[in-house]
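Enquirer: Taking the numbering used here, I'd label the letters of the sequence shown as residues 1 to 320.
Mixed in with the good hints there might be a few duds.
What the hints assert, rightly or not - Derived DEER-like restraints, expressed as beta-carbon distance ranges:
1) Val27 with Phe194: 41 to 47 Å
2) Thr149 with Thr209: 43 to 49 Å
3) Ser167 with Ala112: 30 to 36 Å
4) Met302 with Lys214: 22 to 28 Å
5) Ala183 with Phe268: 35 to 41 Å
6) Gln300 with Val187: 35 to 41 Å
No wet-lab data here; the hints were simulated from the structure. Note that the Cβ used here is the ideal one computed from N, Cα and C, for glycine as well.
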Amino acid sequence: MLNVPSKVKGKLINFDWRQYIVYIAFVLVLIYFSITLAEQGFMTTHNLLNIARQTAMISIMGVAMTFVISSKEIDLSVGSVAALSAITTALTMHAGLGMVSGVLVGLGTGLAIGFVNGYLVTRVAIPSFLVTLAMMMIARGLAMWVSGTAPIPILSDSYIFLFGSGSVLGVPILLIWTLIIAAIGHVILRKFTFGRETLATGGNEMAATYSGIKTNRIKMAVFMASGMMAGLAGMLYAGRLQAGRFTFGEGDELSVIAAVILGGTSLFGGVGTVIGTVIGSIMIGTINNALILQGLDVSQQMVVQGIIIILAVAFGRKKK
Numbered sequence: 001m002l003n004v005p006s007k008v009k010g011k012l013i014n015f016d017w018r019q020y021i022v023y024i025a026f027v028l029v030l031i032y033f034s035i036t037l038a039e040q041g042f043m044t045t046h047n048l049l050n051i052a053r054q055t056a057m058i059s060i061m062g063v064a065m066t067f068v069i070s071s072k073e074i075d076l077s078v079g080s081v082a083a084l085s086a087i088t089t090a091l092t093m094h095a096g097l098g099m100v101s102g103v104l105v106g107l108g109t110g111l112a113i114g115f116v117n118g119y120l121v122t123r124v125a126i127p128s129f130l131v132t133l134a135m136m137m138i139a140r141g142l143a144m145w146v147s148g149t150a151p152i153p154i155l156s157d158s159y160i161f162l163f164g165s166g167s168v169l170g171v172p173i174l175l176i177w178t179l180i181i182a183a184i185g186h187v188i189l190r191k192f193t194f195g196r197e198t199l200a201t202g203g204n205e206m207a208a209t210y211s212g213i214k215t216n217r218i219k220m221a222v223f224m225a226s227g228m229m230a231g232l233a234g235m236l237y238a239g240r241l242q243a244g245r246f247t248f249g250e251g252d253e254l255s256v257i258a259a260v261i262l263g264g265t266s267l268f269g270g271v272g273t274v275i276g277t278v279i280g281s282i283m284i285g286t287i288n289n290a291l292i293l294q295g296l297d298v299s300q301q302m303v304v305q306g307i308i309i310i311l312a313v314a315f316g317r318k319k320k
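Make a model of the complete structure from these sequences and hints.
Expert: Okay, structure coming up:
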C-alpha cells in the first residue's frame, strides 16, 4: 500500500480544485471534440484560428468585465456599447476624417458611456444592474438611430488590416489584440496597486474605504475601462465585417459575464482572474464552434449557450 506523507495528504485535502476547474474543463472539451469531430476538421489550424477570431471580442470585453465584477459591480451595456462605437467609428471615417479620428471617436464613445455608468453608480448611488441595463437600451437605440438601421461601410484597407482581417506571420490580428489586452489586464490585476485595490473593493468595500482606498474612484475607473474595451470590441467587429452595424454585440453581455464567471472570477467580488476569463471565453467559443460542426441550428445553439450561462453563474455562487 502506498504511504502518502501527511504534509502531502493535507495539501491534497485542502487544495481548492475549483479555481482550476476551467482549465481542466477546457482540456477535456478539446480532447472530446478532437475525437468526436476529427472528420469535420475540428483540430485543424484553420478551425482553431477561426475560434480565436470569433472569441476575440468576447475575450477583450471580458478582460475589463473581470475588473468590474471583481469590484462587485456588473456592466450589462457592453454589447450595445460595442455596436454604438462601431457605428460612430464607421460614420467618422465615412465622413472623410480618417482612420485615426475614427479610432479616437470609437474609443471615446465607449469611454464616455463608461464614465456615465460609473458616475451614476458612484455619485447617484443607483445599482449598477439598473444603470447598465438602461444604458444597454440607450446605446442600442442610439446605434439604430444614428445609423438609420443601415450598415455603414468601412473602405479603409489600413483599418481593416489593423482591426479586422489582417495577420502578422500567420497570426490573426484579432488574436494579437486579445493577447495584448489580456496581458495588460493580467499584469494590472496582479502586479499593480490598482488591481489589488479593485479586489479589496469587491471583497469588502467598507474595510477598503477605512484602509484609505478611494473605492468610488476604483469603480469609476473599472466602468470606464469596461466602456473603452467595449468600444475596442466594436471597432474590431467593424473591421472584421468591414462595416458598422447596429446589430453588433447582441447578447454579448451574457457571453462576457459567463466567460468571466466560468473563468474563476467571483460573482460576489473580491476574486478575479484575467487568464481564467480568456480561457472561459475560448471554451464557450469552442463549444459553439463544435455545435456548428455537428450541424446544430441556431435555436439549439442558444439552448446550449443558456445552459452554459446557468452553470457558470451556479458555479460562481458555490464559490461564495
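Enquirer: Against the structure, test the hints numbered earlier, and report the numbers of the ones violated in rising order.
Expert: 1, 4, 5
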